[in-house]
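*Asks:* In the order they appear, the protein sequences are chains A and B.
Okay, so the first sequence: first residue is 1 according to my numbering, each after it adds one.
Okay, so the second sequence: first residue is 1 according to my numbering, each after it adds one.
Source of the hints: derived by calculation from the structure; they are not laboratory data.
Glycine is no exception: its CB is placed at the ideal position from the N, C-alpha and C atoms.
Any given hint could turn out to be false.
Stated by the list, open to error - Distance ranges between label pairs, derived from CB positions:
(1) B:G172 x A:K39: 15 to 25 angstroms
(2) B:H93 x A:D38: 28 to 38 angstroms
(3) A:R41 x B:H93: 43 to 53 angstroms
Said to hold, decoys possible - Residues on chain A that point at chain B, a partial pick, calculated with CB under 7 angstroms:
(4) V27
(5) E29
(6) L35
(7) V54
(8) D228
Said to hold, decoys possible - Keeping only pairs whose Cα atoms sit at most 30 angstroms apart, straight-line, the calculated DSS-like set for lysine-lysine is:
(9) B:K150 x B:K130
(10) B:K11 x A:K39
(11) A:K42 x B:K130
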Amino acid sequence: MEMQDKDFDKLFHSKLDDFEMQPSAGVWEGIDRELRADKRRKLLIPFLSAAASVVVLITAGIWFIPKMSGVNTKGSGKNTVAVVTKPAVVTAGPKKQAIAVPARINQMPVAKVTPVRTISPTEVRKDTATPIQSVAGTVNANAPKRAPEEVIAAVSQPPQPAITKAVVPGSEVPLAVKNPSDVAAVAVAEQPQVQLPAKENQEPAPVKARHKVRTLGGLLNLAIAKVDKRKDKVIEFAETDDEESNVTAVNLGIIKIKKEK
Amino acid sequence: MMFLEQKYNIKELVKLCKAGERKAQELLYKQFASKMLGVCARYATDRMEAEDMLQNGFIRVFQKIGDFRDEGSFEGWVRRIMVHSSIEYYRKHHKMMQVVELEDAANEPSVNPLATANLAASDLMILIQKLSPGYRIVFNLYAIEGYSHKEIAAIVGITEGASKSQLSRARGVLKEQIIKMEGKRYGNAG
């Protein structure tokens with residue numbers, strides 16, 4: 001019986017083991033279609049995951065920024081933000097003509113020069129004209145960071161002559177402030193008031209201001225300011241001397257978050 | 001087409017298929033399609049089912065071709081995938097324990113009696129396709145693929161004992177049908 005089963009199996013094996021049937025054309029088409037779809041799915045996966053991670057990053061960023069406000073206790077962070085935003089925006093500055101300055105930079109030198117001309121003598125006028133132009137030049141050069149710095153230097157000049165050394169732009173600025181009559185000094189003094197917020201004026205810290213550019217946050221802010229001219233940049237960083245630079249503000253159009261401290 | 005197929009050997013085609021070359025996939029398919037449809041047909045009830053199994057099997061072949069090592073026979077590898085794909089097909093589409101026994105129809109008169117020697121492969125194929133899926137799978141795996149009961153038990157997910165009893169009952173059904181087909185002669189011999 002065992003033997004017969006083997007023979008029986010053999011009969012089937014010998015006849016059917018290499019049995020062939022021609023498949024219809026639809027089979028290959030189905031295989032091909034499925035393999036293409038497979039390939040497309042595989043190509044889509046990296047794209048989708050990239051898109052997903054962008055969404056996750058943005059969401060996480062928005063989520064965590066409010067919680068970080070407790071971390072940055074240094075006052076300098078606040079100051080920094082104020083300085084960076086200043087040039088691009090018209091602040092509620094005290095003086096009339098000055099207010100127009102940031103938006104229309106070209107008008108600034110004209111506005112400044114006119115009062116000086118009327119009051120001061122010729123030689124003085126020459127002197128004052130130079131520093132003002134230099135300030136205007138810096139503003140024009142689209143370096144919002146530096147403009148306020150120099151202005152601060154100019155302002156603090158009359159009360160503390162010692163700072164003169166710290167001023168980078170050159171001997172012209174201090175000269176201009178010293179030489180001209182009180183009127184000229186006032187003219188110069190007016191200018192910074194416009195550019196700077198009230199707080200900055202009260203406690204002039206020119207040296208501090210100059211340090212800020214050197215931090216990573218300052219660098220990033222500078223770069224962002226070149227692209228984003230709005231008051232609230234798309235993202236702003238604290239310019240503390242800390243190793244890490246903290247985000248202090250985010251402006252995504254609809255969503256605006258700003259750390260006020 | 002024959003000329004094109006002969007220009008490539010299987011090893012080259014496999015290599016190209018691993019790289020996802022569409023043309024190579026088609027050539028490889030054409031190389032094995034009719035042979036593998038012959039395999040699938042033994043597990044199927046009809047041609048349509050067999051072609052479905054063949055399609056699923058080849059999709060899996062191309063998806064897993066990267067796993068194939070050149071050590072063994074590629075045809076053997078493809079064939080194993082076809083067998084598994086066919087069994088898988090039944091897991092999805094049929095209840096394995098479905099009992100549509102040919103024994104129930106044992107009394108029907110056979111239409112075309114044939115001599116044993118003249119039993120054509122296509123006749124045997126028809127007999128196998130008429131078996132219930134459970135019998136068919138075990139008989140195929142044991143008698144034609146050459147698996148042991150232990151292996152069959154693992155592949156199908158039944159006990160070895162169930163595999164043995166399914167096999168002998170499958171043989172019984174087949175024998176009955178053959179006797180019917182060829183008349184009394186084979187019945188006397190067996």
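*Asks:* Are any of the numbered hints broken by this structure? If so, which, sorted upward?
*Replies:* 1, 2, 3, 5, 7, 8 and 11
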